[in-house]
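Kindly produce the complete structure, drawing on both the sequences and the hints.
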Amino acid sequence: AQSVSQHNHHVILSEAASLELGCNYSYGGTVNLFWYVQYPGQHLQLLLKYFSGDPLVKGIKGFEAEFIKSKFSFNLRKPSVQWSDTAEYFCAVNSYSGAGSYQLTFGKGTKLSVIP
Amino acid sequence: NAGVMQNPRHLVRRRGQEARLRCSPVKGHSHVYWYRQLPEEGLKFMVYLQKENIIDESGMPKERFSAEFPKEGPSILRIQQVVRGDSAAYFCASSPSTISSGANVLTFGAGSRLTVL
Chain A
1 AQSVSQHNHH VILSEAASLE LGCNYSYGGT VNLFWYVQYP GQHLQLLLKY
51 FSGDPLVKGI KGFEAEFIKS KFSFNLRKPS VQWSDTAEYF CAVNSYSGAG
101 SYQLTFGKGT KLSVIP
Chain B
1 NAGVMQNPRH LVRRRGQEAR LRCSPVKGHS HVYWYRQLPE EGLKFMVYLQ
51 KENIIDESGM PKERFSAEFP KEGPSILRIQ QVVRGDSAAY FCASSPSTIS
101 SGANVLTFGA GSRLTVL
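Here the protein sequences come in this chain order: A and B.
My numbering puts the first residue of the first sequence at 1, with every later residue one more than the last.
My numbering puts the first residue of the second sequence at 1, with every later residue one more than the last.
Calculated from the structure, these hints are not laboratory results.
The calculated label-pair distances, taken between Cβ atoms and stated as ranges, are:
{"#": "1", "chain 1": "B", "residue 1": "E63", "chain 2": "A", "residue 2": "Q45", "range": "31 to 39 Å"}
{"#": "2", "chain 1": "B", "residue 1": "K62", "chain 2": "A", "residue 2": "S52", "range": "36 to 44 Å"}
{"#": "3", "chain 1": "A", "residue 1": "S70", "chain 2": "B", "residue 2": "N53", "range": "37 to 45 Å"}
{"#": "4", "chain 1": "B", "residue 1": "E41", "chain 2": "A", "residue 2": "A17", "range": "25 to 33 Å"}
{"#": "5", "chain 1": "A", "residue 1": "G62", "chain 2": "B", "residue 2": "G28", "range": "28 to 36 Å"}
{"#": "6", "chain 1": "B", "residue 1": "P8", "chain 2": "A", "residue 2": "G62", "range": "31 to 39 Å"}
{"#": "7", "chain 1": "A", "residue 1": "W83", "chain 2": "B", "residue 2": "G16", "range": "38 to 46 Å"}
{"#": "8", "chain 1": "A", "residue 1": "F51", "chain 2": "B", "residue 2": "H10", "range": "32 to 40 Å"}
{"#": "9", "chain 1": "A", "residue 1": "G62", "chain 2": "B", "residue 2": "G16", "range": "46 to 54 Å"}
{"#": "10", "chain 1": "A", "residue 1": "Q42", "chain 2": "B", "residue 2": "Q81", "range": "25 to 33 Å"}
{"#": "11", "chain 1": "A", "residue 1": "S70", "chain 2": "B", "residue 2": "G16", "range": "50 to 58 Å"}
{"#": "12", "chain 1": "B", "residue 1": "R14", "chain 2": "A", "residue 2": "K71", "range": "45 to 53 Å"}
Just so you know, even glycine gets a beta-carbon here, dropped at the ideal spot from N, CA and C.
See the structure below:
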């Protein structure tokens, strides 16, 4: 079964600091990769996605992620965080479930707290 | 903004009662997914439905849980005889077509938080 690991449970940064959130997945076949963000009290929103092509993908709000196939990784980065980036971030991998459909498998999430 | 609508947002039940969670997908979306998020855990897939069909229920507990997506009306996740371990956030997502290519993007609702006393 597919598994997704997010290395940090809670990250605390000051504004303007750089951010990198780790994500590793276990599935060795073709995958589609996502980062979702959940702001306090809100629904999950898509931050960015990787399907194919350039392994460096850019998302909304200045976020980017790099797919490194050899490391089974899809780390999220932002050069300079803002207080408004305080949220929980989920890495997700879409892979064939074997039960007739594709399934999104999520990591446990990383809470980011940005201190003004 | 006609996103995925879930209700109730918060539901409190006593042990042994039934919980019904509703999900109206994005207008035009015919595929619905339910996920459960336990405290300190990521979202776990439960079930994938199309109109009047359950496509994949490999993540559903074998007992007490059921889901439907009727021809008319919202998708319903039903939990019978709730226990404290059912306390969680239940998220619904929808997509316009099957993700057989794996490349479709799900739109999520804000979730329904179930508390079992």
